[in-house]
Structure formats: structure tokens, C-alpha cells
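Sequences are here, hints too, so could you generate the full structure?
As given, the protein sequences belong to chains W and L, one line each in that order.
Taken in order, the first sequence gives residues 1 to 113; the numbers are from our numbering.
Taken in order, the second sequence gives residues 1 to 113; the numbers are from our numbering.
In short, the hints are calculated from the structure, not lab data.
Heads up, some of the hints might be wrong.
List time: in silico DSS-like cross-link candidates among lysine-lysine, alpha-carbon distance up to 27 Å [as the list claims (entries may be wrong)]:
hint, chain 1, residue 1, chain 2, residue 2
1, W, Lys71, W, Lys53
2, L, Lys105, W, Lys55
3, L, Lys56, L, Lys100
4, L, Lys105, L, Lys71
5, W, Lys18, W, Lys71
6, W, Lys57, W, Lys18
7, L, Lys68, L, Lys42
8, L, Lys105, W, Lys3
9, L, Lys71, W, Lys53
10, W, Lys55, L, Lys42
11, W, Lys71, W, Lys3
12, L, Lys105, W, Lys57
13, W, Lys57, W, Lys13
14, W, Lys55, W, Lys13
15, W, Lys3, L, Lys42
16, W, Lys3, W, Lys70
17, W, Lys71, W, Lys55
18, L, Lys42, W, Lys13
19, W, Lys70, W, Lys18
20, L, Lys100, L, Lys71
21, W, Lys55, L, Lys100
22, L, Lys100, W, Lys70
23, W, Lys57, W, Lys3
24, L, Lys56, L, Lys105
25, L, Lys100, W, Lys3
26, W, Lys3, W, Lys53
27, L, Lys42, L, Lys100
28, L, Lys105, L, Lys42
29, W, Lys57, W, Lys70
30, W, Lys71, L, Lys100
31, L, Lys71, L, Lys56
32, L, Lys42, W, Lys70
33, L, Lys42, W, Lys18
34, W, Lys57, L, Lys56
35, W, Lys3, W, Lys55
36, W, Lys55, W, Lys18
37, L, Lys71, W, Lys71
38, W, Lys71, L, Lys42
39, W, Lys70, W, Lys53
40, L, Lys100, L, Lys68
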Amino acid sequence: DVKVTQSSRYLVKRTGEKVFLECVQDMDHENMFWYRQDPGLGLRLIYFSYDVKMKEKGDIPEGYSVSREKKERFSLILESASTNQTSMYLCASSLPSLTDTQYFGPGTRLTVL
Amino acid sequence: GESVGLHLPTLSVQEGDNSIINCAYSNSASDYFIWYKQESGKGPQFIIDIRSNMDKRQGQRVTVLLNKTVKHLSLQIAATQPGDSAVYFCAENSGGSNYKLTFGKGTLLTVNP
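Below, the structure written as C-alpha cells:
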């Protein structure tokens, strides 16, 4: 089975803090993704990576950066957390084909006070 | 741009009945579709997928139907069980080069015992 794990299920941070969200997959997938999920807005893509050290902006990259130093690990960084970044963050991974399913982690619920 | 939507935001059924969840898409170039199930507090879980060269695909108790003429996708769940209660998302890959999935907002399925 594909396994995607995220470093924290729940996280509480203060405005202005630097926040790291970690994601690890064990299926040797080339593609990895970060989404945020908000009520009424569905899943929105923040960033994705199709190879080590490669990244592309998604629909809402502002206020976020990412790092992919190893194939199995994809990190999402909030340089200076703000209250409007309170959300559920979901990581996903997939094989490189455009018709390969994305498999999701359990999510990290981040609250920024 | 593309959009993926759902006809019904909520669906309530009796245990043992069949459930049908609908999804409309607007991008005729979309060539791959996925249904996900998301239980409360968890990440989306892959249920079934279908490619645009098919109009029907069956899994265990689930069937996905694709009608390209009217750009409509449906998920049928046979003999619905309480464990099927969740939010169901459809997603489409428009076949572009950026591996992006476009997600619908979701339908909440509630199964009454």
C-alpha cells in the first residue's frame, strides 16, 4: 500500500513564526504535492514537485515556499505565518504519468494565533 | 478555466440503499477522473478512477459512469453502509503538462441505520 505520512496532525503557531510541514512517501513517487483545504473552497494546490529540487507553483503559492532535497520528502514552509494560513494542509504523491492517481496523507491541521 | 462541481452538496440515504453522487465538469479536454472519499479528520482516500476512453468502470460496490456528451461523472455505491458516510470528491486531470488535478467541492453522504 502507498503510504504518505505528515509530521504533525495538529499544530498551533503564532503569527510571524516560521513553520515547517513535512511530508514523506514510501512508494518512490516522482510527484509530490501540497494542498490546503478550507470549508467551501475545496482543495487548492499550493506547490508541487516533479523531481528532486524541482518545484512549480500551484494556484495559491503566495506566503509559502517548498523544499525537495530527497525524493521521498517534500517540505512546505510558511516563512512568516499569518492567521489567514490557518487551514488543513494535505500532502499527496503520485507516479509521473498524467493519469496516475494522487495518494494523500492524513493532513495537518494548522492554527495560527 | 476548468471547473469541477457537484449537483448536490449533501445526500442522505438509508443503510442498504444505493447511493448516487454526481459531478459536472466543464473542460472537454479532461482525460482522467478520480473519485475520492474523505472521512472526518482524515486525508482523501482514492476510491476509483476512469479514463476518458471509457464510459463505465466498476470496483468493489462502486461504479463510476462517465458521460462525455454532457460532461457528467457519477459515483454509484451499492448497498450503502454506515462506513460509507463521508465527503466524496470528484477530481479531473485536464491533461495539461503540470500534473494538476482540479477538485470539486465535495458531497457529504450520510447513511442512516
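- [ ] Mind checking the alpha carbons of Lys57 of chain W and Lys18 of chain W for me, to see if they're no more than 27 Å apart?
- [x] 20 Å, holds
TODO: Could you grab the alpha-carbon distance between Lys100 of chain L and Lys68 of chain L and see if it respects the 27 Å cut-off?
DONE: 20 Å, holds
TODO: Compare the distance between the alpha carbons of Lys70 of chain W and Lys18 of chain W with 27 Å, and conclude whether the hinted pair is satisfied.
DONE: Between Lys70 of chain W and Lys18 of chain W the Cα gap is close to 21 Å, so the pair holds against 27 Å.
Open item on the list: Between the alpha carbons of Lys71 of chain L and Lys56 of chain L, is the straight-line distance 27 Å or under?
Closed with: 14 Å, holds
Task: Holds or violated: Lys71 of chain L to Lys71 of chain W, with C-alpha atoms at most 27 Å apart - done: Given pair Lys71 of chain L, Lys71 of chain W is violated - Cα atoms ~36 Å apart, limit 27 Å.
Task: Given pair status - Lys100 of chain L, Lys56 of chain L, alpha carbons within 27 Å - done: At roughly 23 Å apart (the allowed maximum being 27 Å), Lys100 of chain L and Lys56 of chain L satisfy the hint.
- [ ] Starting from Lys57 of chain W, check that the Cα of Lys70 of chain W is at most 27 Å away, please.
- [x] Answer holds: Lys57 of chain W to Lys70 of chain W is near 19 Å, not above 27 Å.
Task: Restraint status (C-alpha distance of Lys55 of chain W to Lys100 of chain L at most 27 Å) - done: Roughly 13 Å between the alpha carbons, so the hint for Lys55 of chain W and Lys100 of chain L holds.
Open item on the list: Hint check: Lys3 of chain W vs Lys70 of chain W, CA-CA at most 27 Å. Holds or violated?
Closed with: Distance ~16 Å between Lys3 of chain W and Lys70 of chain W Cα, so the pair holds.
Open item on the list: Against the 27 Å threshold, does the CA-CA distance of Lys55 of chain W and Lys42 of chain L hold or violate the hint?
Closed with: Holds. Lys55 of chain W to Lys42 of chain L sits at ~26 Å (cutoff 27 Å).
Open item on the list: For Lys71 of chain W and Lys3 of chain W, compute the direct alpha-carbon distance and say whether it is at most 27 Å.
Closed with: 14 Å, holds
- [ ] Compare the distance between the alpha carbons of Lys100 of chain L and Lys71 of chain L with 27 Å, and conclude whether the hinted pair is satisfied.
- [x] 19 Å, holds
In the structure shown, a violation is registered for the earlier hints numbered 7, 9, 34, 37, in ascending order.
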